[in-house]
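Colleague: Chains as they are written, first to last, in numbering that gives the first Met the number 0: chain P, 0 to 311; chain C, 0 to 140; chain E, 0 to 169; chain S, 0 to 392.
Treat the hints as calculated values from the structure; they're not laboratory data. Remember, it's a predicted structure, so these values are computed and weren't measured experimentally. Heads up, the beta-carbon is just placed ideally off N, CA and C, and yes, glycines get one too. You can take every hint at face value.
Straight-line distance between alpha carbons at most 16 Å, and here's what the computed EDC-like set of lysine to aspartate or glutamate pairs gives:
{"id": "1", "chain 1": "S", "residue 1": "K188", "chain 2": "C", "residue 2": "D8"}
{"id": "2", "chain 1": "C", "residue 1": "K66", "chain 2": "C", "residue 2": "E42"}
{"id": "3", "chain 1": "C", "residue 1": "K26", "chain 2": "S", "residue 2": "D140"}
{"id": "4", "chain 1": "S", "residue 1": "K212", "chain 2": "E", "residue 2": "D85"}
{"id": "5", "chain 1": "S", "residue 1": "K313", "chain 2": "E", "residue 2": "E77"}
{"id": "6", "chain 1": "P", "residue 1": "K32", "chain 2": "S", "residue 2": "D125"}
{"id": "7", "chain 1": "E", "residue 1": "K151", "chain 2": "S", "residue 2": "E49"}
{"id": "8", "chain 1": "S", "residue 1": "K227", "chain 2": "E", "residue 2": "D85"}
{"id": "9", "chain 1": "E", "residue 1": "K15", "chain 2": "E", "residue 2": "D29"}
{"id": "10", "chain 1": "E", "residue 1": "K151", "chain 2": "S", "residue 2": "D321"}
{"id": "11", "chain 1": "S", "residue 1": "K167", "chain 2": "C", "residue 2": "E31"}
{"id": "12", "chain 1": "S", "residue 1": "K85", "chain 2": "E", "residue 2": "E25"}
{"id": "13", "chain 1": "S", "residue 1": "K278", "chain 2": "S", "residue 2": "D163"}
So these bits of chain S aren't anywhere near chain E, every CB distance computed over 12 Å:
{"id": "14", "residue": "Q90"}
{"id": "15", "residue": "E180"}
{"id": "16", "residue": "M187"}
{"id": "17", "residue": "E241"}
{"id": "18", "residue": "T285"}
{"id": "19", "residue": "K291"}
Interface residues of chain P toward chain S, partial, derived using beta-carbon atoms under 7 Å:
{"id": "20", "residue": "Q38"}
{"id": "21", "residue": "S39"}
{"id": "22", "residue": "R128"}
{"id": "23", "residue": "S271"}
{"id": "24", "residue": "F273"}
{"id": "25", "residue": "R275"}
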Amino acid sequence: MNLSLHPLILLLIFPGGLFLMNIGLLYEWADRKLVARFQSRVGPRWFQPFADTIKLLAKEEIIPNGVHKIMFLALPIIALTGALTAAQYIPMFGFEASFSFEGDLIVVLYMLSMMTLSIGLAGANTLSRFTIIGATRALTQMFSYEAPFLLALLSPAIAAGTWNIGKINTFTGENIWLILAQPIGFIVAVVGLMGKLELPPFDAPEAETEIVAGALTEYSGRGLALFHIGKNVELVIGLTLVVIFYLGGIANPIEFILKSAGLFLVVTALQSMFARLRIDQTVGLWWRLGALMGLLQLLAIIFGRYLGEILR
Amino acid sequence: MAIGVLFGDLVKALFTKPATQNYPFTKTIAPERLRGKLVYDPEKCVGCMLCMKDCPSNAIELLTVDKINKKFVMRYHPDRCVFCAQCVQLCRFNCLNMSNSLWEMASTTKEAFEVYYGREEDIAFLLERAAQPGINEPPCE
Amino acid sequence: METIKFLESGKVILEKWIERSRTTDENRLDIWISTENLKPAVQSLVENHWGYLITITGLDIPAVYDQDNIEIQPGQLEALYHFANDADIITIRVKVPYSKPQIDSICDIIPSATIYEREVIELFGFDLLNTPNTEKLILPDSWPEGVYPLRKSFTHLQDLETSKKEQSND
Amino acid sequence: MTEAKKEKFIVPIGPQHPALKEPGNFEFTVDGEIVTDAAVRLGFVHRGIEKACENRNYTQDLYLLERVCGICSHVHATAFVLGVEKLAGVQAPPRAEAIRVLAAELERIHSHLLWFGVAAHEAGFDTLFMYTWRDREVVMDILETLSGSRVHYSVNILGGVKIDVDQKLSDLIKKDMDFLEERTEYYMKVVTTDDTFLGRTRGIGTLSKDRAKLLGAVGPTARASGVKRDIRVNAPYSGYKEFPVKMVIDQTGDLEARFVVRLKELYESYRLIREILEKIQPGEITTRIKRKIPEGEVISRVEAPRGELFYYIKSNGTEMPDRVKVRTPSLCNWGTITDVAVGHKLADMPMLLAGIDPCFSCNDRMVEIRSDSQPSQMMNWDGLRKYGIEYYR
Numbered sequence: 000m001n002l003s004l005h006p007l008i009l010l011l012i013f014p015g016g017l018f019l020m021n022i023g024l025l026y027e028w029a030d031r032k033l034v035a036r037f038q039s040r041v042g043p044r045w046f047q048p049f050a051d052t053i054k055l056l057a058k059e060e061i062i063p064n065g066v067h068k069i070m071f072l073a074l075p076i077i078a079l080t081g082a083l084t085a086a087q088y089i090p091m092f093g094f095e096a097s098f099s100f101e102g103d104l105i106v107v108l109y110m111l112s113m114m115t116l117s118i119g120l121a122g123a124n125t126l127s128r129f130t131i132i133g134a135t136r137a138l139t140q141m142f143s144y145e146a147p148f149l150l151a152l153l154s155p156a157i158a159a160g161t162w163n164i165g166k167i168n169t170f171t172g173e174n175i176w177l178i179l180a181q182p183i184g185f186i187v188a189v190v191g192l193m194g195k196l197e198l199p200p201f202d203a204p205e206a207e208t209e210i211v212a213g214a215l216t217e218y219s220g221r222g223l224a225l226f227h228i229g230k231n232v233e234l235v236i237g238l239t240l241v242v243i244f245y246l247g248g249i250a251n252p253i254e255f256i257l258k259s260a261g262l263f264l265v266v267t268a269l270q271s272m273f274a275r276l277r278i279d280q281t282v283g284l285w286w287r288l289g290a291l292m293g294l295l296q297l298l299a300i301i302f303g304r305y306l307g308e309i310l311r
Numbered sequence: 000m001a002i003g004v005l006f007g008d009l010v011k012a013l014f015t016k017p018a019t020q021n022y023p024f025t026k027t028i029a030p031e032r033l034r035g036k037l038v039y040d041p042e043k044c045v046g047c048m049l050c051m052k053d054c055p056s057n058a059i060e061l062l063t064v065d066k067i068n069k070k071f072v073m074r075y076h077p078d079r080c081v082f083c084a085q086c087v088q089l090c091r092f093n094c095l096n097m098s099n100s101l102w103e104m105a106s107t108t109k110e111a112f113e114v115y116y117g118r119e120e121d122i123a124f125l126l127e128r129a130a131q132p133g134i135n136e137p138p139c140e
Numbered sequence: 000m001e002t003i004k005f006l007e008s009g010k011v012i013l014e015k016w017i018e019r020s021r022t023t024d025e026n027r028l029d030i031w032i033s034t035e036n037l038k039p040a041v042q043s044l045v046e047n048h049w050g051y052l053i054t055i056t057g058l059d060i061p062a063v064y065d066q067d068n069i070e071i072q073p074g075q076l077e078a079l080y081h082f083a084n085d086a087d088i089i090t091i092r093v094k095v096p097y098s099k100p101q102i103d104s105i106c107d108i109i110p111s112a113t114i115y116e117r118e119v120i121e122l123f124g125f126d127l128l129n130t131p132n133t134e135k136l137i138l139p140d141s142w143p144e145g146v147y148p149l150r151k152s153f154t155h156l157q158d159l160e161t162s163k164k165e166q167s168n169d
Numbered sequence: 000m001t002e003a004k005k006e007k008f009i010v011p012i013g014p015q016h017p018a019l020k021e022p023g024n025f026e027f028t029v030d031g032e033i034v035t036d037a038a039v040r041l042g043f044v045h046r047g048i049e050k051a052c053e054n055r056n057y058t059q060d061l062y063l064l065e066r067v068c069g070i071c072s073h074v075h076a077t078a079f080v081l082g083v084e085k086l087a088g089v090q091a092p093p094r095a096e097a098i099r100v101l102a103a104e105l106e107r108i109h110s111h112l113l114w115f116g117v118a119a120h121e122a123g124f125d126t127l128f129m130y131t132w133r134d135r136e137v138v139m140d141i142l143e144t145l146s147g148s149r150v151h152y153s154v155n156i157l158g159g160v161k162i163d164v165d166q167k168l169s170d171l172i173k174k175d176m177d178f179l180e181e182r183t184e185y186y187m188k189v190v191t192t193d194d195t196f197l198g199r200t201r202g203i204g205t206l207s208k209d210r211a212k213l214l215g216a217v218g219p220t221a222r223a224s225g226v227k228r229d230i231r232v233n234a235p236y237s238g239y240k241e242f243p244v245k246m247v248i249d250q251t252g253d254l255e256a257r258f259v260v261r262l263k264e265l266y267e268s269y270r271l272i273r274e275i276l277e278k279i280q281p282g283e284i285t286t287r288i289k290r291k292i293p294e295g296e297v298i299s300r301v302e303a304p305r306g307e308l309f310y311y312i313k314s315n316g317t318e319m320p321d322r323v324k325v326r327t328p329s330l331c332n333w334g335t336i337t338d339v340a341v342g343h344k345l346a347d348m349p350m351l352l353a354g355i356d357p358c359f360s361c362n363d364r365m366v367e368i369r370s371d372s373q374p375s376q377m378m379n380w381d382g383l384r385k386y387g388i389e390y391y392r
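The following block holds chain P by itself, in its conformation from the complex (with noise of 0.2 Å):
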């Protein structure tokens, strides 16, 4: 389906900006709801995370005592910025993606790490030990999974032949679904996703027993609302991004919902299912076997290729 609106509203409206934050907002209510049903518990009613985000909204903003101020501010600003212009390449809801050009899956995946970045930063800005210890740990664990996250999605592009989200899309909708193509692949997307929404159990970086809220300790109130809206966008991306990479794309918002849902529970299941891993073991799972086995699909991927030009 294609839209053809203004790219103000596009950009702003829908699929962009406020149509983004809730449904991101949407998103982290089914999650929280989920993850308390596996663990038999009620869960929150789903106006809960529109609500928290709006009373910390309305709170005040505490800025600490030796931050470099404009920095302060700024940082989760850029952070939901990344989130939001990542999200206008990507074939949103079955829609086609507001914008898009060759290559642009590569600056998605960059504009998806400035979040990270981001928090990095905020983390090391403010002088309090946990969040030292919070930026410290994010940063290395971003090192660890992007590697392999982005290796697990280059294997579909290299077999659509494309660098772009769109026609990747198009491409996963007609062929096999790659899942059971490339289920190593999918593997490893959807477990670098989780280390790359921070999601447990590769939640080091926000272990709240050790480290209070991490890098994000000193944050409160609009600051802290901006971050969590930018996880929560980040988080509506990342999911969409393997069902068009490995669940045979989206044609049509039913398709979207459906699938999405799909991914949801398991990711759901497998964030209740295991104990946190410290951050030396994070990394260590990360590179030797998640790289791995990306790199494996990947090889496998072009030999594949180059075996069916040969046999072509």
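With chain P fixed as given, assemble chains C, E and S onto it according to the hints.
Modeller: This is chains C, E and S only, laid out in the frame that chain P set:
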């Protein structure tokens, strides 16, 4: 050595009723033996004052209206009470009991936590006397 | 009986320092020793692997006055070192006067005793010589010097009373 | 950051910290993620109970001491009651002793399950935390139906117990024990086989037998290191003479061993509870005891869920005790933390702290507000309270 041992329980939990409940809207029934608010029967009381003496949190005040005719009024403070039931145990005349109703206690005022037990005319008499200036309440030994 | 064996062997270990001993219960032995003998006594218990230190209890024995308000017996502090081996408990007791409440620390023999020693220092005002750490453990940092809450003479903090009065005057 | 490099990088855990649901302050000096030094500061919850005991009579003390701890309230009361009964030369009837043991074992189940959940939470395993606490509700409900209160059961009185078990209750408890046993077996499987969890427990915080002995570790912490310390076995008290228990011992001494020891103790508790319910003799549950306790000193030791609980009671012949000394098991085990912590990763610290099942409780508050427009102001608890009352008037 396994990964995801909990998987079976996760699936089970998804399809069973949650263990938690929507508290103020659904309430559990208090068990029969629950030690809730104290109940006092003035007809049986002989005024041995043991309950007052041994109360660990001074939640009981037994006010004497007329010692000879065994007229007593109990001023009970549920907010101080620790619900240990020591007074119930001590009372040889069974005039103290703990009910299992009313176990959720919250109030914005202190007045709700001052409960008078006794014959109505005794309480009225006491309150009237307390309202008069200059005359103190009867001593509660 | 095993019970008696342990107590007997403990008594043998400590024999040379015992000034007075008492058995109040079948599994208990209280022995009084002089202050300077405490450390060797504890040392020999540990060396012979006789049980472990349960805790150090402080006791306050306030001064006794006759009817003319003359001090018959000065105020004393007593420290009880409870050692347990299975069911048997040996209590080593040392008495020190208020004026010189000094006892040797046993932390170099039993490192975990530091927590009990800090407790009796704070609450009773013992002076434990060479104890590794004398920082406040239990009481707040702002607690006044020389006020020991578990002595019988302590009833309440004076300045707390006054600060309350000031507040009500506001 | 150059300055921070020179000085020590200290990570404070507590007094207010999400890892500790109760206040206590630990300072870990870290180098990167590796802990190089550890120190402890307690007393944020010191309520002066020992002093308060001297101004109340024995009955009131019983309830005061029960409130030393919100988790193991029954053992505190039992230790005190046993001591006072010994002083007074009174022996509680056998049925009362059996009911005391029954309550103590139920409490041990609830305490171990609580600890298990908290430890899982410290490891970031929230699902296991929720599941254990869900199952713990079963034993909490038993305690509530049995005694009338979920936390402070107040089963003991001087010279006996307050509550009695009837056939209906006993059937209910037996049924629930079967359910809990099944669940415990399941958790045992999770703890000993789940890889992610084992990664956090196996080989972490190993306490050798000699160190455990020297540092005076007690309870499951000591038993996980192979030290045979269990008052229920070493010096049976109350109903344990009639209903003996088996000591659970593990040799490894790491966190996994502590999990295993505690879970195995649960099996032992289930067995004991069933045995008590089968064999309990009908009879009186109270005896009379004088208000004035004769002069004397007594030492009373019981096995709390966390280890040996020690009471020293000195009476002077009046209605009030002269001195009550309480030594809680957690105090003994602190030493093992500071000893073991060095060399581990910061991420292991909450698990290590949880490993000994620490127990404190709360009351020390201060807030410091600094702003550019107003001068610095400090508020203590009283001030804050007053401010709060004024604010909402």
